[in-house]
Amino acid sequence: MSYSGAVPTARSRAMVRETRHLLFSVAPGAVWIFIFLVLPSAYLMGVAFMTNGPYGLPQMPLSLDAFERLAGVGFLGWSPGNLYTLLRSLWQTLVSTVLVVIVAYPVAYYITTCREKWRPILLLLVVVPSWTNQVIRAFGWMNLLAPGTPLSSLAESLGLVAPNMGLYPSNFAVTLGLVYNFLPFMVLPLYAAFEKLDTAQVQAAQDLYASPVRAFWHAVFPQTLPGLLAGTVLVAIPAFGMYVIPELLGGGKGMMLGNLVANQFAGSSNWPLGAAGAILMLIATFIGLFAMRRIGKRLGGGEEVVI
Amino acid sequence: MSETMTAETADHPGARPAANARGRANHKASSIEMQGLHKRFGRDTVALDGVDLNIRAGEFFTLLGPSGCGKTTLLRILAGLEEPDAGSLVVGGKDITETPPHQRSVNTVFQSYALFPHLSVRENLAFGLKMRGMPAAERHSKVDEIADFIKLGDLIDRHVDQLSGGQRQRIALARALICEPDVLLLDEPLSALDAGLRSQLQVELLRVQKRLGMTFVFVTHDQQEAMVMSDRIAVLNGGTIQQVGAPRDVYERPVNAFVAHFMGHDNLYPISARKSDRLITALGELTAEEAGDGELLLIRPETLDLLPGAVEGPNHLTATVAERLYRGSHAEFRLAIADTTLQATVNNRGRHLPEVGETVTVVVAPEDLVTLSE
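Those sequence lines, one after another, are chains A and B.
Note that numbering that gives the first Met the number 0 has the first sequence beginning at 0, numbered continuously upward.
Note that numbering that gives the first Met the number 0 has the second sequence beginning at 0, numbered continuously upward.
Honestly, I wouldn't trust all of these hints.
For each label pair, taking beta carbons as the anchor points, the in silico distance ranges come out as [stated by the list, open to error]:
no., chain 1, residue 1, chain 2, residue 2, range
1, A, 194, B, 42, 26 to 36 Å
2, A, 288, B, 158, 21 to 31 Å
3, B, 135, A, 161, 53 to 63 Å
4, A, 293, B, 134, 30 to 40 Å
5, A, 123, B, 87, 24 to 34 Å
6, B, 135, A, 34, 57 to 67 Å
7, B, 134, A, 281, 42 to 52 Å
8, B, 42, A, 100, 36 to 46 Å
9, B, 289, A, 194, 57 to 67 Å
10, B, 102, A, 194, 21 to 31 Å
11, B, 223, A, 288, 26 to 36 Å
12, B, 158, A, 194, 17 to 27 Å
13, A, 162, B, 102, 22 to 32 Å
Restricting the straight-line Cα-Cα distance to at most 20 Å, the calculated cross-link-like pairs of lysine to aspartate or glutamate (EDC-like) are [said to hold, decoys possible]:
no., chain 1, residue 1, chain 2, residue 2
14, B, 93, B, 179
15, A, 195, A, 115
16, A, 296, B, 156
17, A, 195, B, 160
18, B, 129, B, 144
19, A, 296, B, 122
20, B, 129, B, 143
21, B, 150, B, 122
22, B, 150, B, 179
23, A, 296, B, 160
24, B, 141, B, 153
25, A, 116, A, 246
Reference listing, derived: stretches of chain A covered by chain B, where coverage requires no fewer than 3 residues with Cβ under 8 Å from a Cβ of chain B [what the hints assert, rightly or not]:
no., segment
26, 156-163
27, 202-209
Since the hints were made in silico from the structure, they are not lab data.
Bear in mind the structure is a predicted one, so any value in this text is a computation, not a measurement.
Beta carbons are placed, not taken as given, at the ideal position from N, Cα and C, and that holds for glycine.
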C-alpha cells in the first residue's frame, strides 16, 4: 500500500468532523462535572491535609493533624468521642436499613397484589410524604415524641423510658426518623422487582412440591434480591451521611458523622477536620457501593444489577 | 381425508408400547375421576358447571374448547392451584380434592413455561427433586438422564434467558417429567410457538407420552392439534362437557351444533321433514343411512364427490361453483344449490377441477350423512 497519510481523504475529513462533533456534545457535561464535582472535591481534599488556623480556616503547612483529630487525638490526649460518632453512624445506618427492609418488603408485596388501577395511587401515597421538606417532617416527629405527648406517656408508663424523659430527643427518635424518611426509597425498587415477577412461577414452584413458605424462599425471594440491593444502596448511603434528622431528633447524644462534619464548618470551626470527616464518609460510601456491586454480580449470575 | 387422519402412531392404538431400552415405559400411570366439579369466580362468572369426567390411566387426553370454556380452570383444579366449589377429584384411586398442590403427584407444563429466571437450566430441572428432598448426587444423575431423554444436549448449563421459545418449552416439559408424576398436565404448551416448530413439538410430545405411558392431560383451543395428539378429546363449552370421544368420533360424529362448528364444520342444514331415511333440507332431498334422529344434517365437505355437468341419480345434487380456493393438494369449493350454499373439498388427483360458474353434480354418500341436535 502506498497510502500517504498527509493527503486529506474524504474519509479522514469525515472522521475529524465526527470527532469535533463528539467533543462539542460532551463538552458542556464535562465542564459542569469539572466545576461542580472535581474542583470542590479537590479543594476538600486539599483542605483536609492542611493545618487548622486561628479562626478555624485552613492554613499551611500540610499535615495529618485533621485525621489525627478525627481518630480522637486532641490537646488532652486521646478521647473516643469522634470514634463513637462514627460507630453510631454505622449502627444507625445498619439498624434503620434493616428496619426499612422489614417494613418495606410486605408493603411493596401488598401493592403488587392490589388491582392494577389502585397501584399507582398506593405508590403515590408512599411517596407523598417525601414531597414535604425534611425539616418540617422532623419537627412533626418532635411534636409526636416530645415528653408529655401521648406516645411518650405510653412509653413512660410501660417503663420503656425514664419518667419525664420522653421519646425525643434520643437515638430511638433518630432511628425512627431515618426509617420514616427512607421508606419510599426501599418500597419503589422492591415494588419494581415484585411487579416483574410472574405469578405463574410461584404456582410452578408449588406444583413442583414446594410448600408456600419454600416457594417464597426459592422462587420469590431470590428474584427480589436485586431490588432489595438497589433499595439498600438508596437507603444506607444517604442515611450514613444524614444531617437533618440526627440534628433535630437526636439531641447532643444522637450525633452522627454528618453533624460532626457540619459542626466543623460552622460552630466549632475546624475546616480541615470537617474536610477529613467528609473524606471518611466518601471512602465509606465507596466501600459500601463496591461491596454491593460484588454481591449484586454474584446474585445476578454475572448480570449487572443497576444501582 | 388428511383432516380426519389422527396420529395413531402406535401400531395398535390404545395398546401401550413395550418397555423401551431405558425401561421408562413401565411408569405407573394413574386414572382420573372427576365428579360434579363446580367452580365460579366472583359472583356471576361460572367457570365450571358440573363436570363429570373419567380419564384412563396412560391416556393422552385433551380438553378442547374456546377461551373461557373452563378447560384451563379444570386443569388448574387437577393441579391443585384452584379449589372447586363442589365436586370431587380422584387420581389413582386417591381423593385429592383437598390436597394442596405441593402434595400432589401431579406436575404441570405452564403456558408461559414459568421457568425460574434466577436459576440455570440444570437448577430449574432439579427444582422439584430438590423440594422433595432428593440428595444432590442423585438429582444430578436424574437431570442428566432427563436431559438425554428430551435431547437437551448442551442447553443444560445455559441460563434461562439465553433460550429460544422452543428450547424453553422443552425445558418446561423436562422439568415436569423429571418428577415422574402420576399425571402430567399441559396448559396450551405449544401456543406460543410458530407453526413449523409447533407441529414438530407435537410429534415429539406424542412420542414422549407413548414411550413413558404416562397419563397426559392436555389443554388446547386448536382442534387440529387436539385431533393429532389425543387418544380421547373432551369438548367443553360454557363450563360443561359437550362431548367426549376419540378424535374420529368427535370430528365425524359431533353430538351438537357447537361441537360441529368448533371442529370446523360449516355444512349444517336444518331438517324440515323426514320420511323414514329420506331427509328434506334446503339442499333438497337426501337419503341417509343410520343418520340418527337429530334436527340438523351435517355433510362433511371431504366426503363429497363432484361430477362435471348435471347428472341425474340418487343423492345427486346439481350445483353451480360460486367460489374455488385452490390449495395445491386439494381444492375447496363453495357451491350454490337452490337458495343455499354447500362447502366441498376435493383432493387434487390431477383431474379436471371445476371453474367458477361451472355447473357440477354433487354426489352425497348416504353412509357419510350424520344428524345432530342443536
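Tested hints:
1. 194/A to 42/B: 26 to 36 Å: For residue 42/B against residue 194/A, whose Cβ atoms are near 28 Å apart, the range 26 to 36 Å holds.
2. 288/A to 158/B: 21 to 31 Å: Holds, at about 26 Å.
3. 135/B to 161/A: 53 to 63 Å: holds, 56 Å
4. 293/A to 134/B: 30 to 40 Å: Holds - the Cβ-Cβ distance for residue 293/A and residue 134/B, about 31 Å, lies within 30 to 40 Å.
5. 123/A to 87/B: 24 to 34 Å: violated, 47 Å
6. 135/B to 34/A: 57 to 67 Å: The hint (57 to 67 Å, Cβ to Cβ) holds, given that residue 135/B and residue 34/A are roughly 58 Å apart.
7. 134/B to 281/A: 42 to 52 Å: holds, 49 Å
8. 42/B to 100/A: 36 to 46 Å: Roughly 39 Å apart at Cβ, these two residues keep to the hinted range, so it holds.
9. 289/B to 194/A: 57 to 67 Å: Hint holds: Cβ distance 59 Å, inside 57 to 67 Å.
10. 102/B to 194/A: 21 to 31 Å: This hint holds: roughly 30 Å between Cβ atoms.
11. 223/B to 288/A: 26 to 36 Å: Check failed, 57 Å falls outside 26 to 36 Å.
12. 158/B to 194/A: 17 to 27 Å: Holds: the Cβ-Cβ distance is about 22 Å, inside 17 to 27 Å.
13. 162/A to 102/B: 22 to 32 Å: Since residue 162/A and residue 102/B have Cβ atoms about 56 Å apart, the given range 22 to 32 Å is violated.
14. 93/B to 179/B: Holds, because 17 Å separates the two Cα atoms, which is no more than 20 Å.
15. 195/A to 115/A: Judged against 20 Å, a Cα distance of about 14 Å means the pair holds.
16. 296/A to 156/B: holds, 18 Å
17. 195/A to 160/B: holds, 14 Å
18. 129/B to 144/B: With a Cα-Cα distance of about 16 Å, the restraint between residue 129/B and residue 144/B holds, given a limit of 20 Å.
19. 296/A to 122/B: holds, 19 Å
20. 129/B to 143/B: At roughly 15 Å apart (the allowed maximum being 20 Å), residue 143/B and residue 129/B satisfy the hint.
21. 150/B to 122/B: holds, 17 Å
22. 150/B to 179/B: holds, 17 Å
23. 296/A to 160/B: Holds, at about 16 Å.
24. 141/B to 153/B: holds, 16 Å
25. 116/A to 246/A: violated, 40 Å
26. 156-163: Answer violated; 0 residues pass the 8 Å Cβ test.
27. 202-209: Since 8 is at least three, the answer is holds.
Hints 5, 11, 13, 25, 26 from the earlier list are contradicted by this structure; the remaining hints agree with it.
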